[in-house]
Amino acid sequence: MRTSLPALATALALPLAACSSAGADAPPASASATTPAAVEPSIDTMKRLVQELSSDAYEGRAPGSAGEEKTLALLAAEFGKLGLKPGNKGSWFQDVPLVEITAKNVSPLSFTGGKNPVSTTYGPEMVIGTYRTTQPKIAVKDSPVVFVGYGINAPEKGWNDYAGVDVKGKTVIILVNDPDYETPGLTGPFNGRAMTYYGRWTYKYEEAARQGAAAAIIVHDTVPAAYGWNVVQSSWTGAQHVADSANGNADQSAAIGWIQKDKAQALFASAGMDLDAQMRAAKQPGFKAVPLAGVKANVSFDNDLRKHSSKNVVALLPGKTRPDEYVLYSAHWDHLGRCQAAPDGDDICNGAVDNATGTAALVALAEANVKAGPTDRSQVFLAVTAEESGLLGSAYYGENPVFPFSRTVGGVNMDALSVAGLAKNVVVIGKGKSQLDAYLDRALAAQGRVATVEPTPEKGYYYRSDHFSFAKHGLPMLYFEGGEDLVNGGTAAGMAAAEDYTKNRYHGPKDEYDPNWDWSGVAADLKLYYDVGRALAETTDWPNWVEGDEFRAIRDKDRAGQ
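The sequence shown begins at 3 in this note's numbering and counts up by one.
Treat the hints loosely; a few may be bogus.
Stated by the list, open to error - Derived lysine to any residue pairs resembling SDA-like cross-links, with alpha carbons at most 25 Å apart: (1) 285 - 264; (2) 106 - 136; (3) 159 - 287; (4) 170 - 160; (5) 322 - 373; (6) 290 - 503; (7) 265 - 126; (8) 505 - 517; (9) 72 - 40; (10) 170 - 281; (11) 143 - 302; (12) 72 - 92; (13) 49 - 517; (14) 512 - 458; (15) 49 - 67; (16) 117 - 268; (17) 512 - 228; (18) 139 - 211; (19) 83 - 57; (20) 298 - 262; (21) 426 - 503; (22) 49 - 287; (23) 143 - 252.
I should point out that these hints are in silico values taken from the structure, not numbers from a laboratory. Model, not experiment: these values are computed from the prediction.
Using the sequences and the accompanying hints, generate a full structural model.
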(Lines of atoms letter the chains of each structure in order from A and count residues from 1; the text may use other names and numbers.)
(Lines give C-alpha, C1' and ligand atoms only; values in the text may rest on other atoms or scores of the structure.)
Protein backbone atom coordinates (compact mmCIF):
# COMPACT_ATOMS: atom_id res chain seq x y z
CA MET A 1 0.00 0.00 0.00
CA ARG A 2 1.34 3.31 -0.92
CA THR A 3 1.90 6.90 -0.74
CA SER A 4 5.27 7.74 -2.42
CA LEU A 5 6.01 9.26 -5.83
CA PRO A 6 3.23 8.14 -8.16
CA ALA A 7 2.82 6.72 -11.61
CA LEU A 8 2.98 9.28 -14.38
CA ALA A 9 0.19 10.86 -16.36
CA THR A 10 0.73 8.48 -19.25
CA ALA A 11 -0.08 5.52 -17.03
CA LEU A 12 -3.83 6.02 -17.31
CA ALA A 13 -5.27 4.93 -20.61
CA LEU A 14 -8.88 4.66 -19.46
CA PRO A 15 -11.64 7.21 -18.94
CA LEU A 16 -11.55 8.49 -15.38
CA ALA A 17 -14.78 7.31 -13.85
CA ALA A 18 -16.11 6.50 -10.43
CA CYS A 19 -15.95 3.09 -8.84
CA SER A 20 -19.21 1.28 -9.52
CA SER A 21 -21.12 0.20 -6.46
CA ALA A 22 -23.77 -1.71 -8.34
CA GLY A 23 -24.36 -5.37 -7.67
CA ALA A 24 -22.48 -7.88 -9.76
CA ASP A 25 -24.04 -9.44 -12.86
CA ALA A 26 -25.23 -13.02 -12.66
CA PRO A 27 -22.23 -15.19 -11.75
CA PRO A 28 -20.76 -17.70 -14.17
CA ALA A 29 -22.25 -21.12 -13.64
CA SER A 30 -18.97 -22.64 -12.53
CA ALA A 31 -18.54 -20.09 -9.77
CA SER A 32 -21.02 -22.18 -7.83
CA ALA A 33 -20.13 -25.55 -9.34
CA THR A 34 -16.37 -25.93 -8.98
CA THR A 35 -14.97 -27.47 -5.80
CA PRO A 36 -11.35 -26.49 -5.07
CA ALA A 37 -9.02 -29.24 -3.95
CA ALA A 38 -8.96 -29.65 -0.17
CA VAL A 39 -5.51 -28.22 0.57
CA GLU A 40 -4.72 -25.67 3.25
CA PRO A 41 -1.95 -23.16 2.45
CA SER A 42 0.80 -23.40 5.06
CA ILE A 43 0.93 -20.83 7.84
CA ASP A 44 4.36 -22.19 8.76
CA THR A 45 5.56 -21.14 5.31
CA MET A 46 3.99 -17.74 5.85
CA LYS A 47 5.65 -17.22 9.23
CA ARG A 48 9.06 -18.32 7.98
CA LEU A 49 9.04 -16.06 4.94
CA VAL A 50 7.50 -12.99 6.58
CA GLN A 51 10.07 -13.17 9.35
CA GLU A 52 12.88 -13.54 6.82
CA LEU A 53 11.75 -10.87 4.35
CA SER A 54 11.12 -8.29 7.07
CA SER A 55 14.39 -8.89 8.91
CA ASP A 56 16.97 -6.10 9.09
CA ALA A 57 19.17 -8.12 6.73
CA TYR A 58 16.84 -7.08 3.88
CA GLU A 59 17.10 -3.39 4.85
CA GLY A 60 13.45 -2.70 4.04
CA ARG A 61 13.53 -4.19 0.50
CA ALA A 62 13.98 -0.92 -1.40
CA PRO A 63 14.21 -1.25 -5.19
CA GLY A 64 17.77 -1.02 -6.42
CA SER A 65 19.26 -1.96 -3.05
CA ALA A 66 21.09 -4.96 -1.66
CA GLY A 67 17.77 -5.81 -0.06
CA GLU A 68 16.24 -6.19 -3.52
CA GLU A 69 18.97 -8.64 -4.53
CA LYS A 70 18.33 -10.75 -1.43
CA THR A 71 14.57 -10.67 -2.02
CA LEU A 72 14.86 -11.72 -5.66
CA ALA A 73 17.24 -14.54 -4.82
CA LEU A 74 14.94 -15.80 -2.06
CA LEU A 75 11.81 -15.78 -4.22
CA ALA A 76 13.50 -17.47 -7.18
CA ALA A 77 14.86 -20.15 -4.86
CA GLU A 78 11.48 -20.72 -3.19
CA PHE A 79 9.58 -20.99 -6.46
CA GLY A 80 12.31 -23.19 -7.92
CA LYS A 81 12.21 -25.61 -4.98
CA LEU A 82 8.48 -26.00 -5.55
CA GLY A 83 9.04 -26.96 -9.18
CA LEU A 84 7.54 -23.84 -10.74
CA LYS A 85 8.96 -22.61 -14.05
CA PRO A 86 10.71 -19.29 -14.66
CA GLY A 87 7.87 -17.31 -16.23
CA ASN A 88 9.62 -14.83 -18.51
CA LYS A 89 11.18 -16.74 -21.41
CA GLY A 90 13.31 -18.87 -19.15
CA SER A 91 13.98 -16.14 -16.59
CA TRP A 92 12.43 -15.58 -13.17
CA PHE A 93 12.65 -11.83 -13.71
CA GLN A 94 11.22 -8.97 -15.76
CA ASP A 95 13.38 -5.85 -15.85
CA VAL A 96 11.60 -2.62 -14.87
CA PRO A 97 13.57 0.52 -15.86
CA LEU A 98 13.56 3.07 -13.04
CA VAL A 99 15.36 6.20 -11.96
CA GLU A 100 16.22 6.67 -8.30
CA ILE A 101 15.99 10.32 -7.27
CA THR A 102 17.28 11.56 -3.93
CA ALA A 103 16.63 15.21 -3.10
CA LYS A 104 19.49 17.03 -1.34
CA ASN A 105 20.18 20.57 -0.22
CA VAL A 106 16.46 21.30 -0.11
CA SER A 107 15.70 24.96 0.49
CA PRO A 108 12.63 26.09 2.41
CA LEU A 109 9.49 26.37 0.31
CA SER A 110 8.89 30.07 0.76
CA PHE A 111 6.13 32.44 -0.26
CA THR A 112 6.75 36.17 -0.58
CA GLY A 113 4.74 39.17 -1.72
CA GLY A 114 1.88 38.81 0.75
CA LYS A 115 1.27 40.65 4.00
CA ASN A 116 3.83 38.43 5.71
CA PRO A 117 6.43 36.06 4.24
CA VAL A 118 5.72 32.38 4.84
CA SER A 119 8.55 29.84 4.97
CA THR A 120 8.19 26.07 5.33
CA THR A 121 10.87 23.59 6.37
CA TYR A 122 11.53 20.36 4.46
CA GLY A 123 10.27 17.38 6.45
CA PRO A 124 8.27 18.77 9.38
CA GLU A 125 6.26 21.31 7.34
CA MET A 126 6.55 20.36 3.68
CA VAL A 127 7.96 17.70 1.38
CA ILE A 128 9.10 18.26 -2.17
CA GLY A 129 10.37 16.20 -5.10
CA THR A 130 10.26 15.83 -8.86
CA TYR A 131 9.45 13.32 -11.58
CA ARG A 132 12.06 14.79 -13.92
CA THR A 133 14.79 12.22 -14.33
CA THR A 134 17.52 14.21 -16.10
CA GLN A 135 17.67 17.41 -14.03
CA PRO A 136 20.27 17.40 -11.24
CA LYS A 137 18.94 20.73 -9.95
CA ILE A 138 15.38 22.02 -9.65
CA ALA A 139 14.63 25.68 -9.01
CA VAL A 140 11.22 27.33 -8.93
CA LYS A 141 11.73 31.09 -8.71
CA ASP A 142 9.15 33.82 -8.13
CA SER A 143 6.35 31.59 -9.40
CA PRO A 144 2.86 33.15 -9.08
CA VAL A 145 0.61 31.11 -6.79
CA VAL A 146 -2.92 29.99 -7.72
CA PHE A 147 -5.43 28.02 -5.63
CA VAL A 148 -7.13 25.52 -7.97
CA GLY A 149 -9.45 23.83 -5.47
CA TYR A 150 -9.39 20.07 -5.97
CA GLY A 151 -7.40 20.40 -9.19
CA ILE A 152 -9.89 18.36 -11.23
CA ASN A 153 -10.64 18.54 -14.93
CA ALA A 154 -13.49 16.09 -15.59
CA PRO A 155 -15.38 16.99 -18.78
CA GLU A 156 -17.77 14.06 -18.44
CA LYS A 157 -18.86 15.46 -15.08
CA GLY A 158 -18.99 19.09 -16.19
CA TRP A 159 -16.26 19.96 -13.69
CA ASN A 160 -13.09 21.92 -14.45
CA ASP A 161 -11.18 23.62 -11.64
CA TYR A 162 -8.76 25.03 -14.22
CA ALA A 163 -11.42 26.72 -16.35
CA GLY A 164 -10.60 30.32 -17.21
CA VAL A 165 -7.13 30.33 -15.64
CA ASP A 166 -3.68 29.92 -17.17
CA VAL A 167 -1.31 28.22 -14.72
CA LYS A 168 1.64 27.75 -17.05
CA GLY A 169 4.81 28.41 -15.09
CA LYS A 170 2.83 28.96 -11.89
CA THR A 171 2.57 27.14 -8.57
CA VAL A 172 -0.81 25.54 -7.93
CA ILE A 173 -2.15 24.79 -4.45
CA ILE A 174 -4.47 21.76 -4.46
CA LEU A 175 -6.81 19.98 -2.05
CA VAL A 176 -6.68 16.20 -1.68
CA ASN A 177 -9.66 13.87 -2.33
CA ASP A 178 -12.88 14.73 -4.20
CA PRO A 179 -15.12 17.77 -3.68
CA ASP A 180 -17.96 15.64 -2.26
CA TYR A 181 -15.97 13.30 0.00
CA GLU A 182 -17.92 14.53 3.04
CA THR A 183 -21.29 13.82 1.41
CA PRO A 184 -23.17 11.02 3.21
CA GLY A 185 -23.72 7.92 1.11
CA LEU A 186 -22.46 7.31 -2.39
CA THR A 187 -24.29 10.01 -4.32
CA GLY A 188 -22.84 13.16 -5.80
CA PRO A 189 -20.82 14.17 -8.85
CA PHE A 190 -17.83 12.17 -7.58
CA ASN A 191 -19.69 9.30 -5.87
CA GLY A 192 -19.95 11.00 -2.50
CA ARG A 193 -17.79 9.30 0.12
CA ALA A 194 -16.36 6.79 -2.36
CA MET A 195 -13.20 8.35 -3.75
CA THR A 196 -12.74 8.33 -7.50
CA TYR A 197 -9.35 8.48 -9.19
CA TYR A 198 -9.85 12.25 -9.46
CA GLY A 199 -9.42 12.34 -5.69
CA ARG A 200 -6.07 10.57 -5.61
CA TRP A 201 -3.05 12.77 -5.10
CA THR A 202 -1.38 11.03 -8.04
CA TYR A 203 -4.06 12.45 -10.33
CA LYS A 204 -3.58 15.95 -8.91
CA TYR A 205 0.03 16.02 -10.10
CA GLU A 206 -0.85 14.47 -13.46
CA GLU A 207 -3.46 17.15 -14.18
CA ALA A 208 -1.23 19.97 -12.93
CA ALA A 209 1.43 18.81 -15.39
CA ARG A 210 -1.09 18.73 -18.23
CA GLN A 211 -1.99 22.31 -17.35
CA GLY A 212 1.67 23.36 -17.46
CA ALA A 213 2.16 24.19 -13.77
CA ALA A 214 5.76 24.69 -12.66
CA ALA A 215 4.99 23.35 -9.20
CA ALA A 216 2.05 21.49 -7.66
CA ILE A 217 1.59 21.50 -3.89
CA ILE A 218 -1.13 19.53 -2.11
CA VAL A 219 -2.50 20.71 1.24
CA HIS A 220 -2.29 17.85 3.72
CA ASP A 221 -5.45 17.23 5.74
CA THR A 222 -5.53 13.96 7.67
CA VAL A 223 -9.16 12.95 7.08
CA PRO A 224 -9.36 13.38 3.29
CA ALA A 225 -5.78 12.17 2.83
CA ALA A 226 -6.53 9.06 4.94
CA TYR A 227 -3.24 9.23 6.83
CA GLY A 228 -1.28 11.61 9.02
CA TRP A 229 1.68 13.80 8.17
CA ASN A 230 4.04 11.14 9.53
CA VAL A 231 3.14 8.90 6.59
CA VAL A 232 3.72 11.68 4.06
CA GLN A 233 7.03 12.61 5.65
CA SER A 234 8.40 9.06 5.85
CA SER A 235 7.23 8.26 2.33
CA TRP A 236 8.62 11.36 0.61
CA THR A 237 11.99 11.76 2.30
CA GLY A 238 14.96 9.72 1.12
CA ALA A 239 15.39 8.00 -2.23
CA GLN A 240 12.34 7.94 -4.49
CA HIS A 241 11.78 5.88 -7.63
CA VAL A 242 10.25 7.09 -10.87
CA ALA A 243 9.51 5.26 -14.10
CA ASP A 244 12.09 6.08 -16.76
CA SER A 245 10.98 7.59 -20.06
CA ALA A 246 12.49 8.76 -23.33
CA ASN A 247 12.00 12.46 -22.55
CA GLY A 248 13.13 12.25 -18.94
CA ASN A 249 9.60 13.21 -17.87
CA ALA A 250 10.27 16.77 -19.00
CA ASP A 251 6.52 17.26 -19.47
CA GLN A 252 5.96 16.91 -15.72
CA SER A 253 5.87 19.79 -13.24
CA ALA A 254 9.34 20.72 -12.04
CA ALA A 255 8.39 20.36 -8.38
CA ILE A 256 5.65 18.40 -6.64
CA GLY A 257 4.96 18.09 -2.95
CA TRP A 258 2.78 18.50 0.11
CA ILE A 259 2.39 21.24 2.72
CA GLN A 260 1.02 21.04 6.25
CA LYS A 261 -2.46 22.55 6.56
CA ASP A 262 -1.47 25.09 9.23
CA LYS A 263 1.24 26.46 6.95
CA ALA A 264 -1.25 26.63 4.09
CA GLN A 265 -3.58 28.59 6.36
CA ALA A 266 -0.77 31.05 7.07
CA LEU A 267 -0.06 31.31 3.35
CA PHE A 268 -3.68 32.15 2.54
CA ALA A 269 -3.86 34.63 5.42
CA SER A 270 -0.80 36.40 4.02
CA ALA A 271 -2.78 36.90 0.81
CA GLY A 272 -5.81 38.22 2.70
CA MET A 273 -7.75 34.99 2.21
CA ASP A 274 -9.26 32.36 4.49
CA LEU A 275 -8.28 28.79 3.58
CA ASP A 276 -11.32 27.19 5.21
CA ALA A 277 -13.65 29.49 3.28
CA GLN A 278 -11.85 28.68 0.05
CA MET A 279 -12.09 24.97 0.81
CA ARG A 280 -15.85 25.28 1.19
CA ALA A 281 -16.07 27.20 -2.07
CA ALA A 282 -14.02 24.55 -3.88
CA LYS A 283 -16.67 21.93 -3.10
CA GLN A 284 -19.28 23.78 -5.15
CA PRO A 285 -19.91 23.23 -8.88
CA GLY A 286 -18.66 26.15 -10.90
CA PHE A 287 -15.75 26.92 -8.57
CA LYS A 288 -13.21 29.27 -10.15
CA ALA A 289 -9.50 29.11 -9.43
CA VAL A 290 -8.26 32.00 -7.30
CA PRO A 291 -4.82 33.64 -7.62
CA LEU A 292 -3.13 34.53 -4.34
CA ALA A 293 -2.62 38.16 -5.30
CA GLY A 294 1.02 39.16 -5.39
CA VAL A 295 2.28 35.95 -3.76
CA LYS A 296 5.28 34.21 -5.34
CA ALA A 297 6.67 30.74 -4.56
CA ASN A 298 10.34 29.81 -4.35
CA VAL A 299 12.02 26.46 -3.76
CA SER A 300 15.18 24.72 -4.93
CA PHE A 301 16.87 21.37 -4.42
CA ASP A 302 19.55 19.17 -5.92
CA ASN A 303 18.91 15.64 -7.16
CA ASP A 304 21.14 12.61 -7.04
CA LEU A 305 20.02 10.63 -10.09
CA ARG A 306 20.68 6.93 -10.66
CA LYS A 307 19.21 4.89 -13.49
CA HIS A 308 18.75 1.23 -12.74
CA SER A 309 16.54 -1.75 -13.51
CA SER A 310 14.53 -3.20 -10.71
CA LYS A 311 12.76 -6.50 -11.28
CA ASN A 312 9.39 -8.16 -11.15
CA VAL A 313 9.46 -11.86 -10.28
CA VAL A 314 7.42 -14.10 -12.59
CA ALA A 315 6.81 -17.76 -11.73
CA LEU A 316 4.63 -20.15 -13.73
CA LEU A 317 2.74 -23.28 -12.74
CA PRO A 318 1.69 -24.73 -16.11
CA GLY A 319 -1.85 -25.94 -16.67
CA LYS A 320 -2.59 -29.47 -17.82
CA THR A 321 -5.30 -29.01 -20.48
CA ARG A 322 -5.39 -25.27 -21.31
CA PRO A 323 -1.88 -24.04 -20.50
CA ASP A 324 -2.30 -20.96 -22.69
CA GLU A 325 -4.99 -19.60 -20.34
CA TYR A 326 -3.82 -18.01 -17.11
CA VAL A 327 -4.85 -17.05 -13.59
CA LEU A 328 -2.80 -14.28 -11.97
CA TYR A 329 -1.77 -13.91 -8.32
CA SER A 330 0.00 -10.64 -7.53
CA ALA A 331 1.70 -8.96 -4.58
CA HIS A 332 4.43 -6.35 -4.28
CA TRP A 333 7.72 -7.42 -2.73
CA ASP A 334 9.16 -3.93 -2.16
CA HIS A 335 8.99 -1.54 0.77
CA LEU A 336 10.61 1.78 1.71
CA GLY A 337 14.11 0.67 2.66
CA ARG A 338 15.89 3.15 4.90
CA CYS A 339 13.48 5.79 6.15
CA GLN A 340 13.02 8.48 8.77
CA ALA A 341 14.36 7.09 12.03
CA ALA A 342 12.13 6.31 14.97
CA PRO A 343 12.97 7.89 18.35
CA ASP A 344 15.03 4.80 19.20
CA GLY A 345 17.22 5.35 16.13
CA ASP A 346 15.76 2.52 14.02
CA ASP A 347 15.76 3.74 10.40
CA ILE A 348 14.76 0.54 8.58
CA CYS A 349 11.17 0.40 7.36
CA ASN A 350 10.93 -3.39 7.40
CA GLY A 351 7.46 -3.68 5.84
CA ALA A 352 6.46 -6.86 7.66
CA VAL A 353 2.72 -6.46 7.16
CA ASP A 354 3.19 -4.22 4.10
CA ASN A 355 3.99 -6.34 2.22
CA ALA A 356 6.09 -9.26 3.37
CA THR A 357 2.73 -10.90 4.15
CA GLY A 358 1.51 -10.64 0.56
CA THR A 359 4.87 -11.72 -0.85
CA ALA A 360 4.97 -14.76 1.42
CA ALA A 361 1.40 -15.54 0.41
CA LEU A 362 2.50 -15.95 -3.21
CA VAL A 363 4.89 -18.71 -2.17
CA ALA A 364 2.40 -20.34 0.21
CA LEU A 365 -0.26 -20.38 -2.52
CA ALA A 366 2.16 -21.80 -5.06
CA GLU A 367 3.12 -24.49 -2.55
CA ALA A 368 -0.52 -25.39 -1.92
CA ASN A 369 -1.31 -25.59 -5.62
CA VAL A 370 1.67 -27.84 -6.26
CA LYS A 371 0.45 -30.18 -3.51
CA ALA A 372 -3.07 -30.20 -4.94
CA GLY A 373 -1.89 -31.06 -8.43
CA PRO A 374 -2.09 -29.22 -11.74
CA THR A 375 -5.15 -27.28 -12.80
CA ASP A 376 -6.56 -26.96 -16.31
CA ARG A 377 -5.36 -23.38 -16.66
CA SER A 378 -1.86 -22.17 -15.89
CA GLN A 379 -1.25 -20.11 -12.76
CA VAL A 380 1.09 -17.12 -12.66
CA PHE A 381 2.67 -15.89 -9.42
CA LEU A 382 3.81 -12.30 -9.91
CA ALA A 383 5.80 -10.39 -7.29
CA VAL A 384 6.10 -6.81 -8.49
CA THR A 385 8.53 -4.06 -7.61
CA ALA A 386 8.10 -0.39 -6.74
CA GLU A 387 4.47 -0.47 -5.61
CA GLU A 388 5.52 1.91 -2.88
CA SER A 389 6.69 4.36 -5.54
CA GLY A 390 3.34 4.48 -7.29
CA LEU A 391 2.57 0.97 -8.63
CA LEU A 392 5.53 1.21 -11.02
CA GLY A 393 6.31 -2.50 -11.29
CA SER A 394 2.72 -3.55 -11.91
CA ALA A 395 2.24 -0.63 -14.30
CA TYR A 396 5.22 -1.86 -16.30
CA TYR A 397 3.82 -5.38 -16.39
CA GLY A 398 0.47 -3.93 -17.44
CA GLU A 399 2.11 -2.25 -20.42
CA ASN A 400 4.35 -5.26 -21.11
CA PRO A 401 2.49 -8.37 -19.97
CA VAL A 402 4.48 -11.59 -20.12
CA PHE A 403 1.21 -13.46 -20.53
CA PRO A 404 -1.42 -11.64 -22.64
CA PHE A 405 -4.30 -10.17 -20.68
CA SER A 406 -6.64 -11.42 -23.40
CA ARG A 407 -5.63 -14.94 -22.34
CA THR A 408 -5.62 -14.22 -18.59
CA VAL A 409 -8.97 -15.02 -17.00
CA GLY A 410 -8.53 -12.80 -13.94
CA GLY A 411 -6.66 -12.70 -10.69
CA VAL A 412 -6.29 -11.79 -7.05
CA ASN A 413 -4.02 -9.18 -5.49
CA MET A 414 -2.63 -9.47 -1.96
CA ASP A 415 -1.42 -6.46 -0.03
CA ALA A 416 -0.93 -6.22 3.74
CA LEU A 417 -2.75 -9.24 5.18
CA SER A 418 -4.36 -8.69 8.55
CA VAL A 419 -2.63 -10.14 11.61
CA ALA A 420 -5.32 -8.87 14.00
CA GLY A 421 -7.10 -12.22 14.16
CA LEU A 422 -10.02 -13.98 12.51
CA ALA A 423 -12.86 -11.74 11.33
CA LYS A 424 -16.42 -12.62 10.46
CA ASN A 425 -16.07 -10.68 7.22
CA VAL A 426 -13.63 -9.59 4.57
CA VAL A 427 -13.71 -6.10 3.07
CA VAL A 428 -13.84 -6.19 -0.72
CA ILE A 429 -12.20 -3.15 -2.27
CA GLY A 430 -14.46 -2.34 -5.20
CA LYS A 431 -17.23 -4.74 -4.21
CA GLY A 432 -19.77 -5.14 -6.98
CA LYS A 433 -17.41 -4.26 -9.81
CA SER A 434 -16.85 -7.72 -11.28
CA GLN A 435 -18.21 -11.24 -11.46
CA LEU A 436 -15.22 -12.41 -9.42
CA ASP A 437 -17.31 -11.49 -6.38
CA ALA A 438 -19.32 -14.67 -6.97
CA TYR A 439 -16.22 -16.83 -6.62
CA LEU A 440 -15.30 -15.11 -3.37
CA ASP A 441 -18.85 -15.39 -2.02
CA ARG A 442 -18.79 -19.15 -2.53
CA ALA A 443 -15.44 -19.51 -0.78
CA LEU A 444 -16.67 -17.33 2.08
CA ALA A 445 -19.85 -19.36 2.48
CA ALA A 446 -17.74 -22.46 3.10
CA GLN A 447 -16.14 -20.60 6.02
CA GLY A 448 -19.37 -19.11 7.34
CA ARG A 449 -18.13 -15.60 6.60
CA VAL A 450 -19.36 -12.73 4.44
CA ALA A 451 -18.05 -10.02 2.12
CA THR A 452 -18.73 -6.40 3.04
CA VAL A 453 -18.16 -3.06 1.36
CA GLU A 454 -15.41 -0.68 2.41
CA PRO A 455 -16.21 1.11 5.67
CA THR A 456 -14.04 4.06 4.56
CA PRO A 457 -14.52 4.42 0.78
CA GLU A 458 -13.22 7.99 0.98
CA LYS A 459 -9.69 6.60 1.41
CA GLY A 460 -9.57 5.47 -2.21
CA TYR A 461 -7.99 2.08 -1.59
CA TYR A 462 -9.07 0.83 -5.03
CA TYR A 463 -6.45 3.05 -6.62
CA ARG A 464 -3.68 2.32 -4.11
CA SER A 465 -2.52 -1.22 -4.91
CA ASP A 466 -1.33 -3.23 -7.87
CA HIS A 467 -4.65 -4.69 -8.99
CA PHE A 468 -5.46 -1.23 -10.39
CA SER A 469 -2.56 -1.48 -12.86
CA PHE A 470 -4.11 -4.62 -14.32
CA ALA A 471 -7.74 -3.53 -14.07
CA LYS A 472 -7.12 -0.47 -16.21
CA HIS A 473 -5.99 -2.86 -18.96
CA GLY A 474 -9.31 -4.67 -18.58
CA LEU A 475 -8.25 -7.66 -16.48
CA PRO A 476 -10.82 -8.56 -13.79
CA MET A 477 -9.00 -8.44 -10.45
CA LEU A 478 -10.18 -9.23 -6.95
CA TYR A 479 -8.71 -7.36 -4.00
CA PHE A 480 -9.96 -7.80 -0.46
CA GLU A 481 -8.64 -7.10 3.02
CA GLY A 482 -9.10 -8.78 6.37
CA GLY A 483 -12.39 -7.68 7.89
CA GLU A 484 -12.89 -5.39 10.87
CA ASP A 485 -15.60 -7.49 12.61
CA LEU A 486 -13.28 -9.69 14.67
CA VAL A 487 -14.50 -12.93 16.22
CA ASN A 488 -12.77 -11.81 19.41
CA GLY A 489 -13.79 -8.24 20.16
CA GLY A 490 -16.09 -7.39 17.29
CA THR A 491 -15.95 -4.28 15.14
CA ALA A 492 -14.62 -2.07 17.92
CA ALA A 493 -11.54 -4.24 18.32
CA GLY A 494 -11.03 -4.56 14.58
CA MET A 495 -11.26 -0.84 13.93
CA ALA A 496 -8.95 -0.13 16.86
CA ALA A 497 -6.36 -2.56 15.50
CA ALA A 498 -6.52 -0.97 12.04
CA GLU A 499 -6.21 2.53 13.47
CA ASP A 500 -3.27 1.50 15.64
CA TYR A 501 -1.44 0.01 12.65
CA THR A 502 -2.02 3.07 10.47
CA LYS A 503 -0.98 5.49 13.20
CA ASN A 504 1.98 3.65 14.70
CA ARG A 505 3.42 1.20 12.16
CA TYR A 506 2.25 1.86 8.59
CA HIS A 507 5.21 3.09 6.50
CA GLY A 508 7.38 3.36 9.57
CA PRO A 509 10.19 1.44 11.30
CA LYS A 510 7.74 -0.31 13.63
CA ASP A 511 6.12 -2.41 10.89
CA GLU A 512 8.16 -5.39 12.09
CA TYR A 513 7.55 -9.09 12.54
CA ASP A 514 5.92 -9.93 15.87
CA PRO A 515 5.93 -13.53 17.13
CA ASN A 516 2.74 -12.74 19.04
CA TRP A 517 0.66 -11.99 15.95
CA ASP A 518 -2.67 -13.78 15.63
CA TRP A 519 -2.42 -15.73 12.35
CA SER A 520 -5.97 -17.12 12.40
CA GLY A 521 -7.28 -14.41 10.09
CA VAL A 522 -4.36 -14.82 7.69
CA ALA A 523 -5.02 -18.57 7.52
CA ALA A 524 -8.68 -18.05 6.65
CA ASP A 525 -7.99 -15.31 4.12
CA LEU A 526 -5.20 -17.31 2.51
CA LYS A 527 -7.65 -20.17 1.99
CA LEU A 528 -9.98 -17.73 0.25
CA TYR A 529 -7.24 -16.68 -2.16
CA TYR A 530 -6.50 -20.33 -2.79
CA ASP A 531 -10.12 -21.34 -3.33
CA VAL A 532 -10.87 -18.42 -5.65
CA GLY A 533 -7.70 -18.90 -7.68
CA ARG A 534 -8.15 -22.64 -7.89
CA ALA A 535 -11.76 -22.29 -9.04
CA LEU A 536 -10.73 -19.81 -11.74
CA ALA A 537 -8.00 -22.18 -12.87
CA GLU A 538 -10.46 -25.08 -13.26
CA THR A 539 -13.43 -23.33 -14.87
CA THR A 540 -14.00 -22.73 -18.57
CA ASP A 541 -15.74 -19.43 -17.84
CA TRP A 542 -14.36 -15.94 -18.42
CA PRO A 543 -15.83 -13.74 -15.67
CA ASN A 544 -16.06 -10.09 -16.61
CA TRP A 545 -16.64 -6.69 -15.11
CA VAL A 546 -20.31 -5.86 -14.55
CA GLU A 547 -22.15 -3.95 -17.25
CA GLY A 548 -21.40 -0.24 -17.02
CA ASP A 549 -18.20 -0.61 -15.02
CA GLU A 550 -15.33 1.67 -16.03
CA PHE A 551 -13.21 -1.31 -17.15
CA ARG A 552 -15.89 -3.36 -18.96
CA ALA A 553 -15.42 -1.86 -22.43
CA ILE A 554 -11.66 -2.34 -22.24
CA ARG A 555 -12.07 -6.01 -21.37
CA ASP A 556 -14.71 -6.61 -24.03
CA LYS A 557 -12.46 -5.10 -26.70
CA ASP A 558 -9.46 -7.13 -25.53
CA ARG A 559 -11.42 -10.38 -25.56
CA ALA A 560 -13.23 -9.70 -28.85
CA GLY A 561 -10.45 -11.16 -30.94
CA GLN A 562 -10.23 -14.43 -29.01
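message = Does residue 252 sit within 25 Å of residue 143, going by the straight-line distance between their CA atoms?
response = OK: residue 143 and residue 252 at ~18 Å, within 25 Å.
task = Compare the distance between the alpha carbons of residue 322 and residue 373 with 25 Å, and conclude whether the hinted pair is satisfied.
result = holds (15 Å)
message = Would the hint linking residue 49 and residue 287 be met if the CA-CA limit is 25 Å?
response = violated (51 Å)
ask   = Taking only the CA atoms, is the gap from residue 170 to residue 160 under or equal to 25 Å?
value = holds (22 Å)
ask   = Keeping to a limit of 25 Å between CA atoms, is the pair of residue 170 and residue 281 held or broken?
value = Judged against 25 Å, a Cα distance of about 23 Å means the pair holds.
inquiry  = Please verify whether residue 505 and residue 517 have alpha carbons no more than 25 Å apart.
reply    = holds (21 Å)
message = Hint check: residue 265 vs residue 126, CA-CA at most 25 Å. Holds or violated?
response = With Cα atoms ~11 Å apart, residue 265 and residue 126 stay inside 25 Å; holds.
task = Verify the proposed pairing of residue 512 with residue 228, using a straight-line Cα cut of 25 Å.
result = holds (19 Å)
task = Compare the distance between the alpha carbons of residue 290 and residue 503 with 25 Å, and conclude whether the hinted pair is satisfied.
result = violated (39 Å)
ask   = Has the given pair, residue 285 with residue 264, been kept, meaning a C-alpha gap of at most 25 Å?
value = holds (20 Å)
ask   = Within 25 Å, alpha carbon to alpha carbon, are residue 72 and residue 40?
value = Violated - the C-alpha atoms of residue 40 and residue 72 are around 33 Å apart, more than 25 Å.
message = Hinted pair, alpha-carbon criterion (25 Å max): residue 159, residue 287. Please report holds or violated.
response = holds (10 Å)
Checked against the numbered hints given earlier, this structure breaks hints 6, 9, 22; the rest are met.
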